[in-house]
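Colleague: Input sequences plus hints: build the corresponding full structure.
So the chains spell out like this:
Protein chains: 2
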Amino acid sequence: MTMTAYVTDFVGRIAQPCATRIEQFIADTSFDRPTLVLDTDIVARNFAALRAGLGHADIHYAVKANPEPRIIGTLVRLGCHFDAASRGEIELCLRQGADPSAISFGNTVKRASDIAFAHRAGITLFAADAEEELEKIATNAPGAQVYIRLIVGATEADWPLSRKFGCAPDKALELLALARDLSLDPVGFSFHVGSQTRHASMWAGTLDRVADVWRDARAAGFDLTLLNIGGGFPAFYGEEVQHPTLYAASVMDQIARRFGDVPRIMAEPGRGMVADAGMIAAEVLLVSRKSHDDMHRWVYLDIGKFSGLAETMDEAIRYQLVTDRDGDETGPCILAGPSCDSVDVLYEKRPVALPVTLRAGDRVLIRNCGAYTSSYSSVGFNGFPPLDVVVI
Amino acid sequence: MTMTAYVTDFVGRIAQPCATRIEQFIADTSFDRPTLVLDTDIVARNFAALRAGLGHADIHYAVKANPEPRIIGTLVRLGCHFDAASRGEIELCLRQGADPSAISFGNTVKRASDIAFAHRAGITLFAADAEEELEKIATNAPGAQVYIRLIVGATEADWPLSRKFGCAPDKALELLALARDLSLDPVGFSFHVGSQTRHASMWAGTLDRVADVWRDARAAGFDLTLLNIGGGFPAFYGEEVQHPTLYAASVMDQIARRFGDVPRIMAEPGRGMVADAGMIAAEVLLVSRKSHDDMHRWVYLDIGKFSGLAETMDEAIRYQLVTDRDGDETGPCILAGPSCDSVDVLYEKRPVALPVTLRAGDRVLIRNCGAYTSSYSSVGFNGFPPLDVVVI
Numbered sequence: 339m340t341m342t343a344y345v346t347d348f349v350g351r352i353a354q355p356c357a358t359r360i361e362q363f364i365a366d367t368s369f370d371r372p373t374l375v376l377d378t379d380i381v382a383r384n385f386a387a388l389r390a391g392l393g394h395a396d397i398h399y400a401v402k403a404n405p406e407p408r409i410i411g412t413l414v415r416l417g418c419h420f421d422a423a424s425r426g427e428i429e430l431c432l433r434q435g436a437d438p439s440a441i442s443f444g445n446t447v448k449r450a451s452d453i454a455f456a457h458r459a460g461i462t463l464f465a466a467d468a469e470e471e472l473e474k475i476a477t478n479a480p481g482a483q484v485y486i487r488l489i490v491g492a493t494e495a496d497w498p499l500s501r502k503f504g505c506a507p508d509k510a511l512e513l514l515a516l517a518r519d520l521s522l523d524p525v526g527f528s529f530h531v532g533s534q535t536r537h538a539s540m541w542a543g544t545l546d547r548v549a550d551v552w553r554d555a556r557a558a559g560f561d562l563t564l565l566n567i568g569g570g571f572p573a574f575y576g577e578e579v580q581h582p583t584l585y586a587a588s589v590m591d592q593i594a595r596r597f598g599d600v601p602r603i604m605a606e607p608g609r610g611m612v613a614d615a616g617m618i619a620a621e622v623l624l625v626s627r628k629s630h631d632d633m634h635r636w637v638y639l640d641i642g643k644f645s646g647l648a649e650t651m652d653e654a655i656r657y658q659l660v661t662d663r664d665g666d667e668t669g670p671c672i673l674a675g676p677s678c679d680s681v682d683v684l685y686e687k688r689p690v691a692l693p694v695t696l697r698a699g700d701r702v703l704i705r706n707c708g709a710y711t712s713s714y715s716s717v718g719f720n721g722f723p724p725l726d727v728v729v730i
Numbered sequence: 339m340t341m342t343a344y345v346t347d348f349v350g351r352i353a354q355p356c357a358t359r360i361e362q363f364i365a366d367t368s369f370d371r372p373t374l375v376l377d378t379d380i381v382a383r384n385f386a387a388l389r390a391g392l393g394h395a396d397i398h399y400a401v402k403a404n405p406e407p408r409i410i411g412t413l414v415r416l417g418c419h420f421d422a423a424s425r426g427e428i429e430l431c432l433r434q435g436a437d438p439s440a441i442s443f444g445n446t447v448k449r450a451s452d453i454a455f456a457h458r459a460g461i462t463l464f465a466a467d468a469e470e471e472l473e474k475i476a477t478n479a480p481g482a483q484v485y486i487r488l489i490v491g492a493t494e495a496d497w498p499l500s501r502k503f504g505c506a507p508d509k510a511l512e513l514l515a516l517a518r519d520l521s522l523d524p525v526g527f528s529f530h531v532g533s534q535t536r537h538a539s540m541w542a543g544t545l546d547r548v549a550d551v552w553r554d555a556r557a558a559g560f561d562l563t564l565l566n567i568g569g570g571f572p573a574f575y576g577e578e579v580q581h582p583t584l585y586a587a588s589v590m591d592q593i594a595r596r597f598g599d600v601p602r603i604m605a606e607p608g609r610g611m612v613a614d615a616g617m618i619a620a621e622v623l624l625v626s627r628k629s630h631d632d633m634h635r636w637v638y639l640d641i642g643k644f645s646g647l648a649e650t651m652d653e654a655i656r657y658q659l660v661t662d663r664d665g666d667e668t669g670p671c672i673l674a675g676p677s678c679d680s681v682d683v684l685y686e687k688r689p690v691a692l693p694v695t696l697r698a699g700d701r702v703l704i705r706n707c708g709a710y711t712s713s714y715s716s717v718g719f720n721g722f723p724p725l726d727v728v729v730i
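Protein chains in written order, with the numbering used here: chain Y, 339 to 730; chain D, 339 to 730.
Hints are computed from structural coordinates only; laboratory data are not their basis. Keep in mind it's a predicted model, so treat the numbers as computed, not measured. Just to be clear, a hint being listed does not mean it is correct.
Which copy? The list can't say, so a pair holds if one copy fits it or any two copies do.
What the hints assert, rightly or not - In silico SDA-like links for lysine to any residue, alpha-carbon gap of 20 Å or less:
| id | residue 1 | residue 2 |
| --- | --- | --- |
| 1 | Lys687 | Gly491 |
| 2 | Lys687 | Asp632 |
| 3 | Lys687 | Arg501 |
| 4 | Lys687 | Gln658 |
| 5 | Lys687 | Asp652 |
| 6 | Lys687 | Thr668 |
| 7 | Lys687 | Ser629 |
| 8 | Lys687 | Glu577 |
| 9 | Lys687 | Arg627 |
| 10 | Lys687 | Ser626 |
| 11 | Lys687 | Arg656 |
| 12 | Lys687 | Pro670 |
| 13 | Lys687 | His634 |
Modeller: Quick look at the structure:
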């Protein structure tokens, strides 16, 4: 079967029925608070689609995207590996049956005691981007494999990463050398193209820059074996994205052309693995106008920035909304959350079009909310409980 | 005793020793995760200071600022009233012994079933800013007292509120009339000058505008008895603020000059009641430079935007930091949190000056963190537990 045939078959077979399974569950259920409904079959489908494109690369699911234990358990059974940000995420993966050798400790900022914990638990692969981090790893996980995270400049991602993670190329080789001096095993580099990089073609510039550093390191005598390509695999939020298999295959093809035969490639999809596996059932609490000449209605939901929709910050992620009144005439709305906090406004700069018939008590479904929602939720800001999660 | 004599005595007597009690506790304690240490004696002191200035006004503590049960219990015993944002906050206050008549349901966006709950619990005072909200209150809390929240334009607050809450003056009288038609009891107006309004003189313009609406309403035959002046009472974050008693007395004086003798005045301090009652004990996880020519160091703490310091969003609140190396030479640092999230950077546009000797493992104290920290904390983003809270 060719790649194209596989993808066609794949999409035709299961794309729509799964989305409908969540919608059917929500339609049949009454909720007394905002609830994220997750379908692990969709996670399994996404894993298969990414694996089909990523070939021999190891998929390390970025646990932070959604640490729901049943998602982790599903992925363990499928042979997925894991990228953990903390001791808590490592413990979660181990509890769900992950082998320590399948977990990398990918946060470049780690507490010394957490490195020691991971080392005792059998984890052997750690990220670093600074001298002090390498020293902490050498002390607390002697002999461990380390990869150096690179900053590789501006990208075309919907949500470009800041300079928070990684070191500039001018330090990369020195850090490899320091790791070797500290009796660590410097195996390679990692980078990140930026969250929600919607087309594989956007990887080209970043890969060019990483390949330059890779070549310099090998020329300097470092026998690199690992290239960690990070995340960036996109989810659908209304703007066209490539099919994950085609996307991943295109990225792998670009890597092969620049890096040749790399023994070990790691990819860390998070959003691309789980975003479309979840939908939030929410409710309209109030529809109002502020004055007689207000151009927009204000629509207040029972979920907001502090109860799950943190990624609406700066209106970065634009979720798709579904209501029972879709089909009625629409008008522009400012969408806001339920808390007594003036920053808890979801979309104001670019209002959303919602039915003019919408009113308090109406249900609103928020599509593709499986990533970066439930775990961002506050413990109880304004006395609202955290986002409820149901796995079907 | 004159006001001035009282204030002088007050400041001289208890301002410093209480701050030292928290610092002493932190110095004597080892923490294995970021921890907010709260001193309820300071809350009691702040209540007394505000009451001395607010005179006959009722103080409704804005529970959302810090819902720690022992803070609520302390304030119940002192005779404080409460402003609740949700059913959860109402239940909390009742559990701590508050009388329902001392609780107002101040969120203008309420779930219908929560209004019914509050009504059953004996709460009689509700906020509204829209027709649909009044209809929900009339249905679920028939006969209740309501106040209409006004939008009163730009302020000089450090953190001005958006248009999220309130209605424009052109709708205010119509809403009073609608409330009456719905057999509710429209008792007055509320407004908010904006969080962290640092000087009492900044209230003048807002009070002028509210007084205009107040006069119009009385002229239209509404027998208003309640003026809810909201919050805005400032906390100290490094920029000079007035003493709370002088500040509150000045606000009350401005109100008297504009409104005359108002039977019932409510004030809703949150930040001003609890901010300086808390200090966070945190730890440096990493100090690094991104490249050889990096002008700034990056300092990563074990606490960030998602584990308690949400108010660093847009660098709005600038917390004061204390380290054991204070006194050493300092240099500019970008301060970031521990999560694998590029937006988890606390101060970058305006870097902070920290000792050049600072390194991983060092303790960092964050001053005046009693407000809007613990309850904003995420349930477990990146696998990090929520901010721990200790009350001394």
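Colleague: All hints, please: hold or fail.
Modeller: Verification of the hints:
1. Lys687 - Gly491: Intra 28 Å, inter 19 Å, cutoff 20 Å: inter-copy only.
2. Lys687 - Asp632: within (15 Å within a copy, 35 Å between copies)
3. Lys687 - Arg501: between (26 Å within a copy, 13 Å between copies)
4. Lys687 - Gln658: within (16 Å within a copy, 32 Å between copies)
5. Lys687 - Asp652: The answer is both: 9 Å in one copy and 16 Å across copies each meet 20 Å.
6. Lys687 - Thr668: For Lys687 and Thr668, the Cα distance is within 20 Å only inside one copy (18 Å; across copies 40 Å).
7. Lys687 - Ser629: Only inside one copy: Lys687 and Ser629 sit 18 Å apart there, 36 Å across copies, limit 20 Å.
8. Lys687 - Glu577: within (18 Å within a copy, 31 Å between copies)
9. Lys687 - Arg627: within (17 Å within a copy, 36 Å between copies)
10. Lys687 - Ser626: This pair counts as within: shortest intra-copy Cα distance 18 Å, inter-copy 36 Å.
11. Lys687 - Arg656: within (12 Å within a copy, 26 Å between copies)
12. Lys687 - Pro670: within (11 Å within a copy, 34 Å between copies)
13. Lys687 - His634: Cα proximity of Lys687 and His634: one copy only (11 Å, versus 33 Å across).
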